[in-house]
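Line by line, the protein sequences are chains A and B.
Numbering of the first sequence is given in my numbering, commencing with residue 1 and proceeding in unit increments.
Numbering of the second sequence is given in my numbering, commencing with residue 1 and proceeding in unit increments.
Possibly wrong hints are sitting among the right ones.
Rough simulated footprint, nothing fancy, chain A against chain B, three-plus residues with beta-carbon under 8 Å [stated by the list, open to error]:
#1 13-27
#2 59-65
#3 131-137
#4 179-190
I should point out that these hints are in silico values taken from the structure, not numbers from a laboratory.
Positions of the beta carbon are idealized from the N, C-alpha and C atoms, including for glycine.
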Amino acid sequence: MDFELILRVYPYFLEAAVVTIELSVLTILLGLACGALGAAARLSRFALLRFLGAAYVSVFRGTPALIQLFILYFGGPQIGIQLDAFEAGVIGLGVNIGAYMTETMRGAIVSVDHGQTEAARTLGLSRAQAFRKVTLPQAMRLMIRPLGVNINAQIKGTALVAAISVVELTYTAQRYIGSTYKPFEMFFIAGILYMIIITVTGKGIAFLDRKARLP
Amino acid sequence: MGLDFSVVPGYLDTILIGVLWTIAITVCSAILSFFGGILFAVTALYAPWILRLPVRFFAWLFMGTPLLLQLFLIYFGLVELGIDLPAFVAGVIGLGLHFAVYNSELIQTAILAVDKGQMEAARTLGCSRGQALRKVVIPQAVRDVIPPIGNNMIALLKDSALVSVIGVSELTLSSQLAIGRTYRPFEFYAVAALFYYIVNLGMEAVLRKIERKTALSR
């Protein structure tokens, strides 16, 4: 281990880690929005919406995220979509993780006992009220932990944008490996920073999960 | 610049060879990750601490960092150590180790969930600890986690696209080759996505068959 080198280059990795955090936050927010819409579509009363929801999940989970990103970033201009690499990364990866989050949210919603809806309906709540006031709060509690798994995967998933030259942690590590031929040192720095981001996020999710759990 | 899929058939052979390489790297990595996962699981649970701690540390490291970063480490790290492997082998090692760690987590939980009586009975019948693990406990544990391991293998297929960045000429890199000649990224990446989707469906069908075969009739 060349610690002198590590001390010399780590400030660049810190800057890159900030970009990784930005990418993570934005893709996760977009993913949650797509997931909520997708889950609503999959559970809709209308067959067309159910079909669209199922198609979204199947296509985006059935093909590599890297290819989806390439289609958007390199192929986008051919159909009139001009995005810079960072924007393409956020949109491409956010919509991708949204497909996984759709399934997580749908799973949590359907696993709330059906008797809850029936009881709420019997008490005179409309279908929408029963969903909003009875089913959804219980489902939210159930989905925190599995969404945490999606979020953990997505933080690591942001590394894919290195392939379209967004200067984040993995890209920075790759560039310094290329210029210094010190793969272990560069992996060491980037690895520690990823570990910190993931551990802190994991603790945050565990905290939310504990708070939301029934006594 | 609109879309023009008429350029695709001219490069179909390049793409199809890429599909074969994608299948090859997925199958090789899947096998490595399966047996590697069993090995890691047994080591993490039963080996003396001098083996157990490094394996646990390695697992922790590989679960907390991106696959792409690990691929760069393995590809360039091996060169640094003076081991010059073909990109394909480096890709198989990278993907295989990454998913072995995830499989190992599943298998560890399953091993601990196998009834203690199984081990005791095997020991009573005269098996050594190693034999009891190998012939009684592990087969039951592995059978229980076939479905989630299958999900990992599906993820592996999609993540195999990443080895294109270290120069394995699988489906993604073959598409890039065609794009380099035609400047038609949308068309070729869409075709690549279609082929991934088809392979994915095929793989799901195979996994369902394996699941049915290995499931106990309860």
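Results of checking the hints against the structure:
{"no.": "1", "hint": "13-27", "in the structure": "violated (count 0)"}
{"no.": "2", "hint": "59-65", "in the structure": "holds (count 3)"}
{"no.": "3", "hint": "131-137", "in the structure": "violated (count 0)"}
{"no.": "4", "hint": "179-190", "in the structure": "holds (count 7)"}
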